[in-house]
Amino acid sequence: MKDRFRKVSQVLGWVLVVGMFFMMQGSTVFAATDEVKIGASISLSGKLTREGNGLKEGYEFWADYMNGKGGIEVGGKKYKIKMIFYDDESNPQRAAKLTEKLITEDKINLILGPYSSGIAIATSAISERYRYVTILPLANSDKIYVTGYKYVFSILPVASRDMVPMMDLCLQQSPKPTKLAAIAANSVYPIMVAEGIRDYAKSLGVALVYFEKFPDDTSDLSSMLAVIKSKNPDLLFEAGYYEHSILINRQLKDLGWAPKGLAYSVGPQLPEFAETLKKDADGAMAVAYWHRALQYKDPVLGSAQEYAEMMKKKFGKYPIHVHADGTAAGLLLQRALKDAGSLDQEKIRSALLKIEVKDSIVGPIKFDRNGRNIWGSTAVIQIQGGDQKVVYPEKAANAKFLYPVVPWSQR
Amino acid sequence: MLVMQTIVNGLLIGGVYALVAVGFSLVWGVANIINLTHGVFVLLGAYISFWLFQLYHIDPFLSIPFSMAVLFITGFLIQKYLLNYVVRAGVFMTLILTFGLARVFENQMIVAWTGDWRTVTTSYAGSGFVIGGVSIPYIRVAVFILALIFCICLNIFLNRTKIGMAIRALTFNVEGARIVGIDIGRIYMITFAISAAMAGAAGSLISTIYSFSPFLGTPYLSWSFVIVVLGGLGSIYGAIVGGILLGLIESFSVLTFGPGYQVAIGFVILVIFLVVRPQGLFGKKFLT
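Same order as they appear, the protein sequences are chains Z and A. Numbers 1 to 411, taken from this note's numbering, label the letters of the first sequence in order. Numbers 1001 to 1288, taken from this note's numbering, label the letters of the second sequence in order.
Simulated from the structure, these hints should not be mistaken for lab results. Note that CB positions come from ideal geometry on N, CA and C, so glycine has one too. Be aware that one or more of the hints could be misleading.
Unchecked claim - Listed below are several chain Z residues computed to face chain A (Cβ distance under 8 Å; list not exhaustive): (1) L247; (2) G302; (3) I374.
To be verified - Chain Z stretches covered by chain A per the calculated footprint, using a threshold of three residues with CB under 8 Å from any CB of chain A: (4) 47 to 57; (5) 73 to 82; (6) 207 to 215.
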């Protein structure tokens, strides 16, 4: 009995192994039309799920739009775009593994970048090793661009300058704010933003009364906020992601205190911020990497507003920066391919280093030797009456900046 | 004034911590089951309250009995059809089984409800009263009081009812309990079910003050471990004291060291206790 059991299980084992071997072959060779495989590891679940899914939609829009026009042109030939997405679960180690899988197993031709600097650092290490160009639409921590990587290109301007326009706006108000509290989620991008604003504030003589990093996956910041309240700063600038801004906003309300100027790096950029917090969202500022009201225009796609309307038709909602920067990355890649005339990574890289995009749906793009977009800039939005209003730069502003923030009890 | 606020914060959150840990402590002390699914039970309670609020506008405090009932049944079934078979095989087996269960539940939650972070925002969220410059939100007080009430009720149940005393008998001597005719298997099931129900209640309360996602099972579980070591295994008072102690320690660590060390300090204390007083403040020595 035991012998027979052993024999049967041996046979089953082999069947399993052989079966799995065949299953792993996957779909490789049979492409009916010429296509270009583009891989992306994106945070479709986990902490960054909202932002990640938006980025995926941005990429998909570009792929579907260009495929609708017959594909993209490389070396005089048209290729259909085939996007391959993997979910990195907002986890850098997983993203690195998936990037390696895309390059070695799926044998993609091109890579498009993930969401967030923390994840991009992990995937860039891999793509750099295999010498694959990666355009990073949403990973702008300065740290990535000082490591000497040659194959990464950021659409966004560097993080350390993100909150500078907000500080400038606040300093124009009267009474002039004199005390700043800056906090950052303990992750690559937020730290750069917070350190950037700290250094900028110092250079302008604004007193820094509190500067701390808080755990990225915390569910309670009430103790830290109580300490900040006791220091009574005029301005509280937070650098983190959507979840952090929601937590901080709610716990500030619990504490019954709000600074005169309140800014988050990401939160209010997502429509869910105002939807979830309702009148408690009013007054919050955010860095705006993109807004559909900005006067940008792309030679292929049209103006930012036209893009926004097309996205609304396709996905049922207006795009925000995660979508626009994703689509812009696709368009940039497309232009680099046309300039390079081939799918060779080295030629694409040279093309990107030479490229001068005077205008696109996210504005001008030009890279320095380290892949930073030196022509890029950010805007500032503020939630007013539940809506995102652009308050800076003036030529795109559709509302006046409100300062100070209305205290909780008066809402 | 800042110190007072810190004390209040720590105290209020300590009540919730206590309720999260009390079921975990009970099951470990009674049945020698280290239930790694406990954190996920808390999460399920939170999700139940969230969906009832989202879809049917049921106030989260009113949905507590419902989440407790669902978790009670879930715990009962898990014990009856899964854990009962490995209880005799030792602690290690229950660790593996409950670990696997936790992952299964976690991934099902991701599939069913996505990784989005959720929270229950009632119309009265954020309001509170201010005494001497210290702000005390209504919801946190309500949560604290309810958490304590649940713990006290559990204690009364364990000391004044027949089933409760049978449960306690098992913590002293399993053989003796069998000899006097206690149905061990059935008591294990009820204990596990009660533990899950407590976790469910804690989850419902947590949904009103924190955000949560399917990945938060592990932090809730860590709190339970630390509190069990601090307060002592199998003791309800231990869980209450341990919970409040942890809340205060975390609160003050933010004041003293900064927010980055909040979680680490809890575990430093855990290590200290394990070395100096492993049975915690009120518990018996660990079974191996």
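We went through each hint and held it up to the structure:
1. L247: holds (6 Å)
2. G302: With a closest approach of 32 Å, the G302(Z) hint is violated.
3. I374: violated (33 Å)
4. 47 to 57: Per the Cβ count (3), the hint holds.
5. 73 to 82: violated (count 0)
6. 207 to 215: With 4 residues closer than 8 Å to chain A, the segment 207 to 215 of chain Z meets the three-residue bar; holds.
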